[in-house]
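Colleague: Given these sequences and hints, build the entire structure.
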Amino acid sequence: MIKNISNLGDAAVYCDFGSEVNKSVNSEVIKYFKALKKENVESINNLTPSYNKLIVSYDLRKTNFKEVKKLIENLNINEAQHKNNTKIEIPVCCDDQFSLDIKRLEEKLKINRDKILKNFFSKEYFCYMTGFIAGMPFLGDLDENMRVPRLETPRVKVPKGSVALTEQFANIYTFESPGGWNIIGNTPLDIFDNSKEVEPNVINPGDTVVFKPINIEEYNSYNDK
Amino acid sequence: MTNNFEIIRAGVNTTFQDQGRSNLYHIGIPFSGAMDNRNYSLANKLTGNKLNSPVIEFAYQGPHLKYTGEKINIAVTGDVVFKIIKSGNEIDGNCYESYQIESGDQINLISTNKSVYGYLAIGGGLDLKLQWNSCSINTKANIGSNDGKKLENGQKINILNINSDQTKKKTNYINSKVENIRVIKGPNFDYFSEEGKKIFFEKEFTVSKLSDRMGMRLEGSKIENIVNTNIKSEGLIKGVIQVPADGNPIIMLSDHGTVGGYPKIGVVASVDYDRLVQISPGSKIKFKEIELSDAQTLFKLYEMETQNLLLQI
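Chains as they are written, first to last, in numbering that gives the first Met the number 0: chain R, 0 to 224; chain L, 0 to 312.
Think of the hints as simulated: they come from the structure by calculation, not from any bench. Possibly wrong hints are sitting among the right ones.
Stated by the list, open to error - Using 30 Å as the maximum straight-line C-alpha spacing, the simulated BS3-like pairs for lysine-lysine come out as follows: (1) R:K69 - L:K148; (2) R:K69 - L:K231; (3) L:K155 - R:K107; (4) R:K195 - L:K155; (5) L:K148 - R:K195.
Stated by the list, open to error - Derived, one-sided and incomplete: chain L residues facing chain R with beta-carbon distance under 8 Å: (6) N12; (7) N22; (8) H25; (9) W131; (10) A140; (11) K231; (12) S232; (13) G234; (14) P243; (15) G246; (16) D273; (17) Q295.
Just so you know, even glycine gets a beta-carbon here, dropped at the ideal spot from N, CA and C.
Modeller: Structural data, given as structure tokens:
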């Protein structure tokens, strides 16, 4: 449920779903996001779902806060449309050349490599949001005993495809960028394809993601198929 | 032979821009588009283009271009010092006036005057590869035409078709400066101390050199946060003023990242956005609080004024 609807400046609506970060709160955000997206309102020019907020930006030349607020309040939030989310399998290789922070993870978590990987690959993750850099998915939740803070000094260049952990989330670097997350492996799959005009994202908010371990041979031959 | 402009000197930050790309924030892609929308539309109107056509946007120093091809018209908007060179003769160019250019002519966009962005519209269609329905170049994310990179020396800008109507068009317009940037309080306004709130609305800030199309960084008295200097990442829009732990505000501009985790003290009213982006580094800026209803009314008036200006051309 939306706790409060207010204005963010004069060209956006700020939907506040509370301060907690968990799957049930985020599922509500995604429900509203999907329902609004389906409405395809011409005057709305962007929807930004995050952990517990939804920002609806609009063209002030065509509408205003009052109208968009009313539209959100009168939305028909359909339970059914939320249930048919896609489940996506992402191949990840944790060979030494890719799992750049495995030693740090072992030290911080006080769990050995095998157990870290076993836990990481055994879970289903939920995509809370995508963003920061184009297409980057924020996937949760990691088990309590798998949570580590960001690196003290972020890397200037995180390799494209890096799969990394911080606190309750895993993410995937869709292209080379600076970043401070703990890198556990790398995926050969293009998570964000900027040559695609439609649906450049492989993972969208609300999707379920599982990681599948692959070895270095499978990694190297992945894009030959 | 193709009609084209050769870039003799690219300038500081010269890009193709149009109305930007919408409905992509949820996958992390910024809006982008021309920074100063009024000057962008005026440039297109002066050359007989559709108002949402691609133009060349430049910051501080613009490009120096040499034209080869059939007669074509161009127009420059903003507060720009430029020259047109016709068979060795230099002509001082006036903004808000169209010029006919012939093969061999050159346009030298020397500098923006006490402002940041200028626009060059070319009467016709540019040969550009669009990405998500927009040519707008975002150099930080490498999105848009020209592989998402700024224009470089030696490159050519190809023209696909030329507008047949090349009658001279002009309008009298002077870019007004704003004394205060009007701001609507943000969702985290109460994260800041009483003293911090007072500083925000009463003190002057200086625009930092680190400002670009992504954001305008300000320096001045520190704004103290008494609740939390980080929030859970959430969506941003252009004009949002975030205050990180160091107490110096940052205003999100057209190429801003789609989410951010710093508290939002306020949002610049849409009516002042075009003028905000033109405030150059080193200049002073002061904020003034405004209510939502007033911001809406003022924007309506600003839009009417823009429409009137366009109708006069």
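Colleague: Hints numbered earlier in the text: which of these fail when held up against the supplied structure?
Modeller: Result: hints 1, 3, 6, 14, 15, 16 break, sorted rising.
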